[in-house]
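Asker: Sequence:
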Amino acid sequence: LLSTISKIFGKILLMRMNLHLGENRIIKDEQFGFWSGLSASAQLARIVNDVTEAFNNLNDAGMVQMYIQKAFDTVWQTGIIYRLLEYNFPKYLIKSVHSYLYQRKFCTSFNSNLSKPLYASSGVLRFNN
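With the numbering used here applied, the sequence shown covers 132 to 260.
By construction, these hints were calculated from the structure, which means they are not laboratory data. Hints are not guaranteed to be accurate.
[Said to hold, decoys possible] What follows is a list of derived Cβ distance ranges for each label pair:
# : residue 1 : residue 2 : range
1 : L175      : N155      : 24 to 30 Å
2 : L144      : N190      : 39 to 45 Å
3 : K236      : A171      : 29 to 35 Å
4 : S134      : N190      : 26 to 32 Å
5 : I136      : W207      : 24 to 30 Å
6 : S172      : I225      : 30 to 36 Å
7 : A185      : N244      : 45 to 51 Å
8 : V182      : F241      : 47 to 53 Å
[Stated by the list, open to error] Only pairs whose alpha carbons sit at most 20 Å apart, straight line, appear in this in silico DMTMM-like list of lysine to aspartate or glutamate:
#  : residue 1 : residue 2
9  : K142      : E161
10 : K159      : E217
11 : K159      : D191
12 : K222      : E154
The beta carbon of each residue, even a glycine, is placed where N, CA and C say it ideally should be.
With the sequences and hints as input, model every part of the structure.
Answerer: If you want it as C-alpha coordinates, here you go:
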(Lines of atoms letter the chains of each structure in order from A and count residues from 1; the text may use other names and numbers.)
(Lines give C-alpha, C1' and ligand atoms only; values in the text may rest on other atoms or scores of the structure.)
Protein backbone atom coordinates (compact mmCIF):
# COMPACT_ATOMS: atom_id res chain seq x y z
CA LEU A 1 0.00 0.00 0.00
CA LEU A 2 2.81 2.42 0.89
CA SER A 3 4.44 1.79 -2.50
CA THR A 4 1.17 2.63 -4.29
CA ILE A 5 0.68 5.83 -2.28
CA SER A 6 4.27 6.84 -3.02
CA LYS A 7 3.75 6.36 -6.76
CA ILE A 8 0.53 8.39 -6.72
CA PHE A 9 2.23 11.13 -4.68
CA GLY A 10 5.15 11.16 -7.13
CA LYS A 11 2.87 11.51 -10.15
CA ILE A 12 0.86 14.34 -8.55
CA LEU A 13 4.04 16.15 -7.48
CA LEU A 14 5.55 15.79 -10.95
CA MET A 15 2.34 16.95 -12.63
CA ARG A 16 2.15 20.09 -10.47
CA MET A 17 5.84 20.88 -10.88
CA ASN A 18 5.58 20.46 -14.66
CA LEU A 19 2.58 22.79 -14.66
CA HIS A 20 4.61 25.49 -12.88
CA LEU A 21 7.62 24.91 -15.16
CA GLY A 22 5.47 25.17 -18.28
CA GLU A 23 3.42 28.19 -17.21
CA ASN A 24 6.56 30.12 -16.27
CA ARG A 25 8.69 28.93 -19.22
CA ILE A 26 11.51 27.92 -16.85
CA ILE A 27 12.90 25.09 -19.00
CA LYS A 28 14.05 26.20 -22.44
CA ASP A 29 12.44 24.70 -25.55
CA GLU A 30 15.83 23.28 -26.55
CA GLN A 31 16.02 21.19 -23.36
CA PHE A 32 14.92 17.68 -24.25
CA GLY A 33 13.97 14.91 -21.84
CA PHE A 34 11.61 16.90 -19.62
CA TRP A 35 8.46 17.25 -21.73
CA SER A 36 6.38 14.60 -23.42
CA GLY A 37 7.19 14.54 -27.12
CA LEU A 38 10.71 15.87 -26.52
CA SER A 39 12.54 12.60 -26.00
CA ALA A 40 16.12 11.72 -26.85
CA SER A 41 14.85 10.39 -30.20
CA ALA A 42 13.24 13.74 -31.01
CA GLN A 43 16.48 15.52 -30.14
CA LEU A 44 18.44 13.14 -32.37
CA ALA A 45 16.06 13.87 -35.27
CA ARG A 46 16.55 17.60 -34.68
CA ILE A 47 20.35 17.22 -34.70
CA VAL A 48 20.30 15.15 -37.92
CA ASN A 49 18.09 17.79 -39.54
CA ASP A 50 20.36 20.67 -38.45
CA VAL A 51 23.54 18.91 -39.61
CA THR A 52 21.95 17.93 -42.95
CA GLU A 53 20.78 21.50 -43.51
CA ALA A 54 24.24 22.89 -42.71
CA PHE A 55 25.86 20.32 -45.02
CA ASN A 56 23.45 21.13 -47.89
CA ASN A 57 24.15 24.87 -47.47
CA LEU A 58 27.93 24.28 -47.30
CA ASN A 59 28.01 25.60 -43.72
CA ASP A 60 29.91 24.28 -40.73
CA ALA A 61 28.10 22.37 -38.02
CA GLY A 62 29.32 21.78 -34.49
CA MET A 63 27.90 20.13 -31.44
CA VAL A 64 28.70 19.89 -27.73
CA GLN A 65 27.29 16.98 -25.76
CA MET A 66 27.11 16.55 -22.01
CA TYR A 67 26.40 13.31 -20.26
CA ILE A 68 26.82 13.11 -16.53
CA GLN A 69 26.81 9.52 -15.38
CA LYS A 70 24.71 8.93 -12.27
CA ALA A 71 23.81 12.64 -12.13
CA PHE A 72 20.89 12.06 -9.77
CA ASP A 73 23.14 10.21 -7.31
CA THR A 74 25.14 13.35 -6.53
CA VAL A 75 22.48 16.08 -6.54
CA TRP A 76 23.05 18.89 -4.06
CA GLN A 77 19.79 18.76 -2.08
CA THR A 78 20.05 22.31 -0.69
CA GLY A 79 20.60 23.52 -4.25
CA ILE A 80 17.31 21.96 -5.35
CA ILE A 81 15.40 23.83 -2.65
CA TYR A 82 17.29 27.03 -3.54
CA ARG A 83 16.27 26.71 -7.20
CA LEU A 84 12.65 25.99 -6.32
CA LEU A 85 12.59 29.18 -4.24
CA GLU A 86 14.40 31.14 -6.96
CA TYR A 87 11.82 30.08 -9.57
CA ASN A 88 8.89 30.95 -7.28
CA PHE A 89 7.44 27.48 -6.95
CA PRO A 90 4.41 27.36 -4.65
CA LYS A 91 5.36 26.89 -1.00
CA TYR A 92 3.42 23.62 -0.70
CA LEU A 93 5.52 22.09 -3.51
CA ILE A 94 8.76 23.28 -1.93
CA LYS A 95 7.72 21.83 1.43
CA SER A 96 6.78 18.52 -0.23
CA VAL A 97 10.12 18.26 -2.02
CA HIS A 98 11.99 19.27 1.15
CA SER A 99 10.29 16.60 3.26
CA TYR A 100 10.97 14.05 0.53
CA LEU A 101 14.69 14.87 0.27
CA TYR A 102 15.76 15.42 3.87
CA GLN A 103 16.23 13.01 6.76
CA ARG A 104 16.25 9.98 4.48
CA LYS A 105 17.80 6.91 6.07
CA PHE A 106 19.10 3.73 4.54
CA CYS A 107 20.48 0.40 5.76
CA THR A 108 22.43 -2.35 4.11
CA SER A 109 22.01 -6.05 4.62
CA PHE A 110 24.71 -8.70 4.32
CA ASN A 111 24.35 -12.33 5.40
CA SER A 112 21.12 -11.49 7.23
CA ASN A 113 22.89 -8.76 9.24
CA LEU A 114 21.37 -5.29 9.02
CA SER A 115 23.61 -2.24 9.37
CA LYS A 116 22.84 0.78 11.53
CA PRO A 117 20.70 3.39 9.74
CA LEU A 118 22.70 6.07 7.94
CA TYR A 119 21.48 9.38 6.53
CA ALA A 120 21.63 10.05 2.79
CA SER A 121 23.04 13.57 2.44
CA SER A 122 23.04 13.75 -1.36
CA GLY A 123 21.15 12.34 -4.28
CA VAL A 124 17.43 12.16 -4.88
CA LEU A 125 14.89 9.40 -4.75
CA ARG A 126 13.34 8.58 -8.09
CA PHE A 127 9.72 7.70 -8.57
CA ASN A 128 9.18 4.48 -10.51
CA ASN A 129 6.66 4.80 -13.32
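Asker: Each hint needs a verdict: does it hold in this structure or not?
Answerer: Hints and how they fare:
{"no.": "1", "hint": "L175 with N155: 24 to 30 Å", "in the structure": "holds (28 Å)"}
{"no.": "2", "hint": "L144 with N190: 39 to 45 Å", "in the structure": "holds (44 Å)"}
{"no.": "3", "hint": "K236 with A171: 29 to 35 Å", "in the structure": "holds (34 Å)"}
{"no.": "4", "hint": "S134 with N190: 26 to 32 Å", "in the structure": "violated (52 Å)"}
{"no.": "5", "hint": "I136 with W207: 24 to 30 Å", "in the structure": "holds (28 Å)"}
{"no.": "6", "hint": "S172 with I225: 30 to 36 Å", "in the structure": "holds (33 Å)"}
{"no.": "7", "hint": "A185 with N244: 45 to 51 Å", "in the structure": "violated (60 Å)"}
{"no.": "8", "hint": "V182 with F241: 47 to 53 Å", "in the structure": "holds (50 Å)"}
{"no.": "9", "hint": "K142 with E161", "in the structure": "violated (24 Å)"}
{"no.": "10", "hint": "K159 with E217", "in the structure": "holds (16 Å)"}
{"no.": "11", "hint": "K159 with D191", "in the structure": "violated (24 Å)"}
{"no.": "12", "hint": "K222 with E154", "in the structure": "holds (16 Å)"}
Of the numbered hints listed earlier, those contradicted by the structure are 4, 7, 9 and 11.
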